[in-house]
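Protein chains in written order, with the numbering used here: chain A, 71 to 383; chain B, 71 to 383.
Just so you know, the hints here were simulated from the structure itself, not pulled from any lab data. Please note: incorrect hints may appear among the correct ones.
[What the hints assert, rightly or not] Once the Cα atoms are required to be at most 27 Å apart in a straight line, the calculated DSSO-like pairs of lysine-lysine come out as:
| no. | chain 1 | residue 1 | chain 2 | residue 2 |
| --- | --- | --- | --- | --- |
| 1 | A | K309 | B | K191 |
| 2 | A | K191 | B | K103 |
| 3 | A | K191 | B | K80 |
| 4 | B | K196 | A | K80 |
| 5 | B | K364 | A | K142 |
| 6 | A | K196 | B | K142 |
| 7 | A | K103 | B | K80 |
| 8 | B | K80 | A | K196 |
| 9 | B | K103 | A | K196 |
[Stated by the list, open to error] Just so you have them, the derived chain B footprint on chain A, three or more residues with Cβ under 8 Å:
| no. | stretch |
| --- | --- |
| 10 | 145 to 152 |
| 11 | 157 to 169 |
| 12 | 172 to 184 |
| 13 | 194 to 200 |
| 14 | 322 to 333 |
Quick caveat, the model's predicted, so the values are computed rather than measured. Even for Gly, the Cβ is constructed at its ideal location relative to N, Cα and C.
Number of protein chains: 2
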Amino acid sequence: MEVLFTFVPKEHQQEMLKEEFPEVEFHFTYHDKSRLSDADVIVTYGEDLAAEDIEEAANLKWIMVASAGVEKMPHEAILEKGITVSNVRGIHKTPMAESVLAHLLAIKRSLPAIYERQQQKKWDRKIRSSELAGSAALIIGPGAIGGEIGRLLQAFGVSTIGCNRSGKQADYMDEMVSFDNILDALPKADTVISVVPSTEETRGMLGSAHFKAMKQDAIFMNFGRGDLVSDDVLVEALKNEEVAYAVLDVFEQEPLPEDHPLWEMENVVVSPHVSSHSGRYVERALEIFAPNLKKWLENNSDLTNLVNMEKGY
Amino acid sequence: MEVLFTFVPKEHQQEMLKEEFPEVEFHFTYHDKSRLSDADVIVTYGEDLAAEDIEEAANLKWIMVASAGVEKMPHEAILEKGITVSNVRGIHKTPMAESVLAHLLAIKRSLPAIYERQQQKKWDRKIRSSELAGSAALIIGPGAIGGEIGRLLQAFGVSTIGCNRSGKQADYMDEMVSFDNILDALPKADTVISVVPSTEETRGMLGSAHFKAMKQDAIFMNFGRGDLVSDDVLVEALKNEEVAYAVLDVFEQEPLPEDHPLWEMENVVVSPHVSSHSGRYVERALEIFAPNLKKWLENNSDLTNLVNMEKGY
Numbered sequence: 071m072e073v074l075f076t077f078v079p080k081e082h083q084q085e086m087l088k089e090e091f092p093e094v095e096f097h098f099t100y101h102d103k104s105r106l107s108d109a110d111v112i113v114t115y116g117e118d119l120a121a122e123d124i125e126e127a128a129n130l131k132w133i134m135v136a137s138a139g140v141e142k143m144p145h146e147a148i149l150e151k152g153i154t155v156s157n158v159r160g161i162h163k164t165p166m167a168e169s170v171l172a173h174l175l176a177i178k179r180s181l182p183a184i185y186e187r188q189q190q191k192k193w194d195r196k197i198r199s200s201e202l203a204g205s206a207a208l209i210i211g212p213g214a215i216g217g218e219i220g221r222l223l224q225a226f227g228v229s230t231i232g233c234n235r236s237g238k239q240a241d242y243m244d245e246m247v248s249f250d251n252i253l254d255a256l257p258k259a260d261t262v263i264s265v266v267p268s269t270e271e272t273r274g275m276l277g278s279a280h281f282k283a284m285k286q287d288a289i290f291m292n293f294g295r296g297d298l299v300s301d302d303v304l305v306e307a308l309k310n311e312e313v314a315y316a317v318l319d320v321f322e323q324e325p326l327p328e329d330h331p332l333w334e335m336e337n338v339v340v341s342p343h344v345s346s347h348s349g350r351y352v353e354r355a356l357e358i359f360a361p362n363l364k365k366w367l368e369n370n371s372d373l374t375n376l377v378n379m380e381k382g383y
Numbered sequence: 071m072e073v074l075f076t077f078v079p080k081e082h083q084q085e086m087l088k089e090e091f092p093e094v095e096f097h098f099t100y101h102d103k104s105r106l107s108d109a110d111v112i113v114t115y116g117e118d119l120a121a122e123d124i125e126e127a128a129n130l131k132w133i134m135v136a137s138a139g140v141e142k143m144p145h146e147a148i149l150e151k152g153i154t155v156s157n158v159r160g161i162h163k164t165p166m167a168e169s170v171l172a173h174l175l176a177i178k179r180s181l182p183a184i185y186e187r188q189q190q191k192k193w194d195r196k197i198r199s200s201e202l203a204g205s206a207a208l209i210i211g212p213g214a215i216g217g218e219i220g221r222l223l224q225a226f227g228v229s230t231i232g233c234n235r236s237g238k239q240a241d242y243m244d245e246m247v248s249f250d251n252i253l254d255a256l257p258k259a260d261t262v263i264s265v266v267p268s269t270e271e272t273r274g275m276l277g278s279a280h281f282k283a284m285k286q287d288a289i290f291m292n293f294g295r296g297d298l299v300s301d302d303v304l305v306e307a308l309k310n311e312e313v314a315y316a317v318l319d320v321f322e323q324e325p326l327p328e329d330h331p332l333w334e335m336e337n338v339v340v341s342p343h344v345s346s347h348s349g350r351y352v353e354r355a356l357e358i359f360a361p362n363l364k365k366w367l368e369n370n371s372d373l374t375n376l377v378n379m380e381k382g383y
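Chain A with its partners taken away, still in its complex shape (with noise of 0.2 Å):
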């Protein structure tokens, strides 16, 4: 039984592994596919993984993705020799949380004008600041990261509308609406979060209708993937004045081009693709991988977070 991780997790995981699963061949390899052809079980970022990598690792069963999007994996090859997947949907929890409050509360509470004027070394007090308490939240993908905005945002008095596919209840949202009907809801928030993996229902969903719905004082949020809305709708809402600000983290391209209009406008920041990094991403990673390693080879293939490889997550 054979193990390749295509990243290095720190020497002291390592040996942890190797100490609780004794019966297994692990190897530890960076952009190194050599020993493809005889891995049972591939743990990748999933961005490293084409359809004939796949052709060529004749023994695989199982692709762990550390990550939450699967977008980037050679879907066809992967279904049509039935592999299973599974994510660490979950971990991006709490250091999404923390960037989304943190960009969030840094908005209301005017933290670029003030490192603004340290800059100028100017002591200048008229500092029009606002509160996070009292406002309407709509999040997009109300699931684990999008309900844990969702409670960090009950917490500060924000009410949460959160909007998913079928518009049934989720956790830490004070009302839902369905995808269908998110215009309905648009223009009660005052911001608006997406954390949205890429899906075909996902990509493109917003368009300058729903921007010209919000309201002129929202601040927009892009934290899950950059094909919600393209990069012209946004610019043209922004410059339109639809919406006051963007948070973003994800971009139709990326790296975003340096030449982009989005690096200079006003009230929009651009975080590349960031927000859930952490120093404790790969000790959490494999505080997922390692009890579904051990049903993996118990032969229970009920593994903690499978995806749907057909419907993408």
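With the hints as your guide, set chain B onto chain A.
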């Protein structure tokens, strides 16, 4: 019965007061003390009254301070004439707690680095963020504001240690320590947050020994009063890397002099005493004032938020 405001609420707020209290003569002025001699009640931000003003205000029985600190008031003159003082303790809690969380989350989630890269149009994902979750915070002054900070920190999975004079239990604190034993608690805290007012006990409360006792990667936040620690001690501690970060909303001398070293120090945020700013400030102050005025007119002097001018809070 005359009520003199030394600041000018919005038109509709003035109208509301006049409507609710037709028997009262209101004067809303700014930097104009011509009505002092007739005022029975003064509503002030607490920075514009000198001992002579108290002398001149022959009818004055009650000063409502639309601020939390009363240290700029002429204590002796007020005590001598037995004037009732009340403040708006508590209305700062929401904006201040949001500011504290904003600054803390901004540091943990690397917002200054993200903003900087955007200015350089630099897509650089090598951003090392950490998490607030799982850390410990020491809150010096776990009253209305400190308690609200504690409540929010707990929601983020932070363990809270409250520090007050007696060491008696305070809301939203997992542990308590007395002022006298603060040195025992400092080494446990990842964040040290002060929101204490300026009193005999808190002035100069933190010396260099206290900073030496803190974790080297601790974040020190002063949102109370600048005389808690001398600027020299603070600058020295930062230079010696005894703590990793300081976020300061208050200073020994305000405005902070243009040539002060704190403006330019690495890992220091200078906020120009704006953490309590909020578009809802006067609205909330009046929500405290109006019921108090009603009591006052009914000869009920058991006002909300009475201040003991001998203690200073």
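Earlier hints that do not hold, by number
Going through the list in order, the structure violates hints 2, 3, 5, 7 and 10 and respects the others.
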